[in-house]
Amino acid sequence: MRRRADLFLALAPLGLLAVAAAGVMLGPERLSPGELFGEAGRNILENRVPRVLLAAAVGASLSVAGVLFQAILRNPLADPYVLGASSGAGLGAALAILALLGTWAVAGAAFAGAMAATFVVYRLALVGGRIPRMTLLLSGVVVGYLLGGALFFTVNLNRGRLNDVMWWLMGSLQATEPGLVTAVWVCMVLGTAGAWLFSRDLDLLSLGEEQAEHLGLSPERAKTVFFGLGSLLTGAAVAASGLIGFVGLVVPHLVRLIIGPGHRRLVPCSALAGAIFLVIVEFVSRTALPGEEIPVGVVTAFAGGPFFLWLLRRQRKVFWG
Amino acid sequence: MNADRVSTAKPARLSRLAAVPAILVALAGLTAAVLAPTYFTRVRSMGGIVSLSPSTTETLFALGLGHRLVGVSTYCNYPPEAKALPKMGDYGTPAVESILAARPELVVVSGRGMNRMLKGLERAGIRVYCAPDDSIENIASGFEELGRLAGDAGAGRRLASEFRDRFAKESARTAARAESARPLVFLETWSAPLSTVGGDTFVDELIRAAGGRNVAADLGKGYFAPAVESVIRRDPQAIVITRMGDEGAAAAHALAGRPGWAGVRAVREGRIWADIDPDWLLRPGPRLVRGLEALRARLDEVRAANEGTAR
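Chains as they are written, first to last, in our numbering: chain A, 1 to 321; chain B, 322 to 632.
These are calculated hints, taken from the structure and not from any lab test.
Owing to the predicted nature of the structure, the values given are computational and were not obtained by experimental measurement.
One should not assume that every hint holds.
Label pairs and their computed distance ranges (CB to CB) [what the hints assert, rightly or not]: (1) B:G543 <-> A:L26: 48 to 54 angstroms; (2) B:G629 <-> A:A40: 21 to 27 angstroms; (3) A:F119 <-> B:V417: 40 to 46 angstroms; (4) A:L309 <-> B:I344: 56 to 62 angstroms; (5) A:L98 <-> B:N459: 42 to 48 angstroms; (6) A:F302 <-> B:E402: 34 to 40 angstroms; (7) B:K404 <-> A:N156: 47 to 53 angstroms; (8) B:T395 <-> A:L26: 24 to 30 angstroms; (9) B:R586 <-> A:F302: 47 to 53 angstroms; (10) A:A40 <-> B:A577: 17 to 23 angstroms; (11) B:D486 <-> A:F302: 54 to 60 angstroms; (12) B:G591 <-> A:F119: 33 to 39 angstroms.
Calculated from the model, a selection of chain B residues having no Cβ within reach of chain A, i.e. all distances over 12 angstroms [what the hints assert, rightly or not]: (13) G434; (14) R564; (15) R624.
By construction, the Cβ of each residue, glycine as well, lies at the ideal position given by its N, Cα and C atoms.
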């Protein structure tokens, strides 16, 4: 496993560069490299590069957030949205969209919504200084439902804007604001580096809290830190690109199947795999239908789902432990 | 001990009796459910009209039949008289109870065909008419049909022929124009996702009649999200934003700032227009004529500027 992990870690960056290069070079408009980097392709290049960069950062953020939440909750179904971040961000974004605010304000509101929702979930789950896993999961789900209801109520009052909100809920990697791309990259690097630095604690945490405590870890403090990191990663990704499902759930599992569960390698490998996956998805959403663009969420589900199911059947033994 | 015996013997009989009201209620409900459909289809009309689309409301007023309206959609804002009429939902979510209470003889709505709610109104004995919106010619036919259904066929014919003539006249004026002499227009109907109109829409016809060319005519159908880089590459000369006021200005500013758009000709030359009333361009009603005139005037300016630089 370790050798496989090292091989993965060595090859994945090359893979990422390759798909990113393909994403920049290819698109619905066919241009030769000479044209693309010349005067004729300047506008196109200027449009493609931020999209590819955004896809990579969002893919990495969501995957690492998935790793964190799966470790905290020790639940294979945990994803970046399980603790209410998605509906919190959705409500924030919808309110900003309905108030006709600009791109930055919508992103800021989504980020604030995600952070606020996860904070509320965290506070609700706190019982006598501890955070029981079940309470955390349940309060996450219930807060998610409540905010989801508020989101659809808000949209229902202003159905003329349904289109905007729907598109946001399906996820989009059309980079409309270059500054946002930078912001997501900064959050992604900080969050991933944090998760990697504390990867030993993540290992201990996924053993179970009692064992972790015996081995000298304070599980409550570790959970709080990882919770914060996961929310930061999710909030930033959601703010820039809406709700892109599937990545945060599936990529960590996929990588775990290949390289094993050790977090020191799982964190960077998941980040890379998530980035590769979403760069490919962005490319497909831009090119699959001639002349049109498809919502990113549709592509992640269609492309990732069958592949994951195939892997699941093939490696049933490994997967079910 | 004693209490125990009571609780095992008596309740059996009591619970059987307790079921009787429930059974009666179920039978009453069943009867009501069987009889209701036949009862409710016999609602007698009071003769008014409910319009559930802004365009059909405008058409009825243009036909001189605005006084027959007893209800309009929440989006109907023109002419000003329409705003004072009772609001009865919209195409997707008609306020069924208000409509049934008003007992109109006709419900009209634009395009898209029947939906479940409208079928429900039909079952209640109300006539429902969907005015077509797929081409300029069919919009004109819709005026005729609406006039006929609403009781003034002559007005319908007059409005339709006036509308057809205006479009025919403008189209004839620009028909001889070479494709390359037609300014390329990108019409942004929505910014997230970036959306526009395809070649099979009446809006595309309007752009052509005004002397321009829709940059997305062959990229897709209906209202859709075009491949952004294809729009950029085709380098439109003018961009029409179909929102007005602060919102239109914000959308224009945002579009110009998106990566890759700074070099597009319309942005470079400052031709992002957010001041043509979107209802003149996107509502399949009689005011399309105004949209045609406004856009034609703008495109003529572009052509004049082009010829100036060519010389």
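The hints, checked one at a time:
Here the CB-CB span from G543 of chain B to L26 of chain A is close to 27 angstroms, at odds with the stated 48 to 54 angstroms. For the pair G629 of chain B and A40 of chain A, the beta carbons lie near 25 angstroms from each other, so the given range of 21 to 27 angstroms is met. Range check, F119 of chain A to V417 of chain B: about 42 angstroms between beta-carbon atoms, so the 40 to 46 angstroms window is met. Checked against the given bound of 56 to 62 angstroms, the beta carbons of L309 of chain A and I344 of chain B, roughly 49 angstroms apart, lie outside it.
Here the CB-CB span from L98 of chain A to N459 of chain B is close to 34 angstroms, at odds with the stated 42 to 48 angstroms. The hinted range of 34 to 40 angstroms is not satisfied by F302 of chain A and E402 of chain B, whose Cβ atoms lie roughly 50 angstroms apart. In this structure the hint that K404 of chain B and N156 of chain A lie 47 to 53 angstroms apart at CB is violated, the actual value being about 22 angstroms. Distance hint for T395 of chain B and L26 of chain A: a CB-CB separation of about 45 angstroms, inconsistent with the stated range 24 to 30 angstroms.
At about 37 angstroms, the CB distance of R586 of chain B to F302 of chain A disagrees with the hint of 47 to 53 angstroms. The given range of 17 to 23 angstroms is respected by A40 of chain A and A577 of chain B, whose C-beta atoms sit roughly 21 angstroms from each other. Checked against the hint of 54 to 60 angstroms, the C-beta distance between D486 of chain B and F302 of chain A comes to roughly 50 angstroms, which is inconsistent with it. Remark: the range hint 33 to 39 angstroms for G591 of chain B to F119 of chain A is contradicted by a beta-carbon distance near 46 angstroms.
Non-interface status of G434 of chain B relative to chain A is upheld: no Cβ of that chain comes within 12 angstroms, the nearest being about 19 angstroms off. At roughly 9 angstroms, the least C-beta separation between R564 of chain B and chain A is not larger than 12 angstroms, which violates its mark as non-interface. Residue-level check passed: R624 of chain B sits 24 angstroms from the nearest beta carbon of chain A, beyond 12 angstroms.
The structure does not agree with the numbered hints 1, 4, 5, 6, 7, 8, 9, 11, 12, 14 stated previously, though it agrees with the rest.
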